[in-house]
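Asker: Residue strings, one per chain:
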Amino acid sequence: MLGLLRRDLTLAFRAGGGFGLSLAFFLIFATLVPFGVGPETMVLETIAPGILWLGALLACLLSLDRIFQLDWEDGTLDLLATAPVPLEGVAAMKALGHWITTGLPLVLAAPVLGLLLNLPLPAYPWLLASLAAGTPALSAIGTFGAALTVGIKRGGLLLSLLVLPLYVPTLIFGALAVIRGAEGQDATTPLILLAGITLGSLATLPFAAAAALRVNLR
Amino acid sequence: MASLWEYANPRKFMTVSGALLPWVWGIAAVCLVGGLVWGFFFTPNDFRQGSTVKIIYVHVPSAIMAVNAWFMMLITSLIWLIRRHHVSALAAKAAAPVGMVFTLIALLTGAIWGQPMWGTWWEWDPRLTSFLILFLFYLGYMALWEAVDNPDAAADLTAVLCLVGTVFAVISRYALVFWNQGLHQGATLSLDAEQNIADVFWYPLITALAGFGFLFLALVLYRTRTEIRARRLKALIAQERMA
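The listed protein sequences derive, respectively, from chains Z and S. Take the first sequence: its position 7, counted from the start at 1, is 7 in my numbering, and no numbers get skipped. Take the second sequence: its position 106, counted from the start at 1, is 1106 in my numbering, and no numbers get skipped.
It is possible that some hints are incorrect.
Partial list, computed: chain Z residues near chain S (C-beta under 10 Å) [stated by the list, open to error]:
1) Arg7
2) Leu164
3) Pro165
4) Thr170
5) Leu193
Rather than coming from a laboratory, the hints here were simulated on the basis of the structure. Glycine is no exception: its CB is placed at the ideal position from the N, C-alpha and C atoms.
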């Protein structure tokens, strides 16, 4: 399983296009927002938490179809399904790989973009904590969505339609933690609930993803 | 002993549902017409809301059925996953558009009522927002059915989506309460309350509710029969080709 993770990471780093793209998308998204709403710092200050979380969510979403699509096309997925590793483990490793290549860079880049959007100072620790706690859930949910749509040609739009409603609770609690942080309040409660969603998703969704993969490989 | 699972046999299902269907349509029509006419023309106006209160006879039943339609899909999906009865999967497929329309009716009537009463068509209230999300779930579910070619694979994938979607829809519902204080009033109907709303509104309301329930049942039975026939037709065409 670790070998699989290493293979995914190597592919993402070396085969181009996978690793930096979602980060670049996040940057462009955060840059475009002031053009849309105007450069007043007061406005930016209030919407910055939501924008940062939305940007992270969309950047995650755009890279989802890479999780299984290439492996499906060249037959690697069939080999993985017959390998001695359980398919649930494969799904969990794929989610982890997706998180390391997209979620983790987003967490690290978010404070810089927060600076661009004039995010208030007390919000920074909460921004880091909520993204670190929430992005694994985005990857786990996304892996499930990618597993559902892997057999469908041009399933990109369908994938977004399926996955985005599932992202709602994560987005609510994540953005709420940052908003409360920006207002100088204690944001522990939404953060704990967010971590609960993440842990629940990590514990259960690999099984759902593996079930969907088995159907698609039948 | 006769078992419930006998009706999972498509032939048996077709005979029984065919015999039941006119009755279900009839009861639905009687309850709907009775409840709505009674509600619209023979109940007093509310002293603050005026005649707008009468939208309750459409809004509340459709909202209740919209949620229950999803739970029916959850149960039929589970039956499909566990016992592999095709009728069950087709019933889930048949219920989705009906549930989606009920969700839409609840949203639209709510907006029409909210405009004069709250002064806004839309408010980001937990109940309203969770219904909008439920609507999106219905859309995704139906889109997945359409997108997968193999009928068995489509049934399996949508069933898994229905299970996961239910969990996340429930979490969203409570997350939204956390997110924003509501403008929507609390539950008007509950089984354990001493008296819910004044009896003059209550009796037409439960009549309309029964009407919407039977209407849902009739539409789902009808659509399931159509799905079964469509699948038989497909099998016949395939046989023709083979011969």
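Asker: Decide, hint by hint, whether the structure agrees.
Answerer: To see whether the hints hold, each was checked on the structure:
no.: 1; hint: Arg7; in the structure: 27 Å, violated
no.: 2; hint: Leu164; in the structure: 7 Å, holds
no.: 3; hint: Pro165; in the structure: 4 Å, holds
no.: 4; hint: Thr170; in the structure: 9 Å, holds
no.: 5; hint: Leu193; in the structure: 7 Å, holds
Of the hints listed earlier, the one the structure fails to meet is number 1.
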